[in-house]
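Take the sequences, apply the hints, and build the full model.
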Amino acid sequence: MHKFLKEFEKLEKRTKDMIEKENGSHDISDFLTDNFIRKYTKLNSLDEFLNLAGIETQKDFDTKTSELDEITKKYSSFSSFQKMLDTAAEQYMQKVLDKAWKL
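Numbering (the UniProt record's numbering), first residue to last: 1 to 103.
No lab work stands behind these hints, which were simulated from the structure alone.
As the structure is a computational prediction, the values presented were derived from the model and not from experiment.
Among these hints, one or two may not hold up.
To be verified - Label pairs and their calculated CB-CB ranges: (1) Val96 x Asp34: 14 to 20 Å; (2) Ser79 x Lys99: 29 to 35 Å; (3) Val96 x Glu70: 29 to 35 Å; (4) Asp60 x Arg38: 20 to 26 Å; (5) His26 x Thr57: 16 to 22 Å; (6) Asp60 x Glu90: 24 to 30 Å; (7) Trp101 x Ser77: 25 to 31 Å; (8) Ala89 x Asp60: 18 to 24 Å; (9) Ser77 x Ser45: 16 to 22 Å.
A virtual CB, placed ideally from N, CA and C, is assigned to each residue, including glycine.
What follows is the structure, encoded as structure tokens:
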């Protein structure tokens with residue numbers, strides 16, 4: 001039993017370290033990868049998605065929420081851009097946790 005507890009403590013530390021590492025700021029492309037876009041939309045890349053929404057700058061991204069929602073609804077089954085982003089972020093964090101738990 002002692003060995004099990006020791007391994008569990010290592011796993012717990014590794015998980016905490018991975019979460020702490022991921023707790024900083026991220027670029028949207030960390031979550032909305034081209035693979036995610038291809039899987040969940042009718043498009044091939046994040047660049048294609050952003051171009052269709054007329055997003056060229058951070059200001060555009062911050063202000064053109066209706067355009068992002070419109071493109072999301074048109075090219076995916078998500079009801080809003082935020083829902084798509086939430087799903088992508090959940091999948092990203094699951095991958096981080098899976099990596100941390102890999103022995």
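We went through each hint and held it up to the structure:
For Val96 paired with Asp34, a C-beta distance near 19 Å keeps the hint of 14 to 20 Å intact. With their beta carbons about 30 Å apart, Ser79 and Lys99 fall inside the hinted range of 29 to 35 Å. A hinted range of 29 to 35 Å holds for the C-beta pair Val96 and Glu70, which are about 31 Å apart. As the Cβ distance of Asp60 to Arg38 is approximately 23 Å, the hint placing it in 20 to 26 Å holds.
Taking 16 to 22 Å as the suggested C-beta distance range, the pair His26 and Thr57 conforms, at roughly 18 Å. Under the hint 24 to 30 Å, the C-beta atoms of Asp60 and Glu90, about 25 Å apart, fit the expected range. Between Trp101 and Ser77 the beta carbon distance is about 30 Å. The supplied range of 25 to 31 Å therefore holds. Checked against the hint of 18 to 24 Å, the C-beta distance between Ala89 and Asp60 comes to roughly 21 Å, which is consistent with it.
For the pair Ser77 and Ser45, the beta carbons lie near 18 Å from each other, so the given range of 16 to 22 Å is met.
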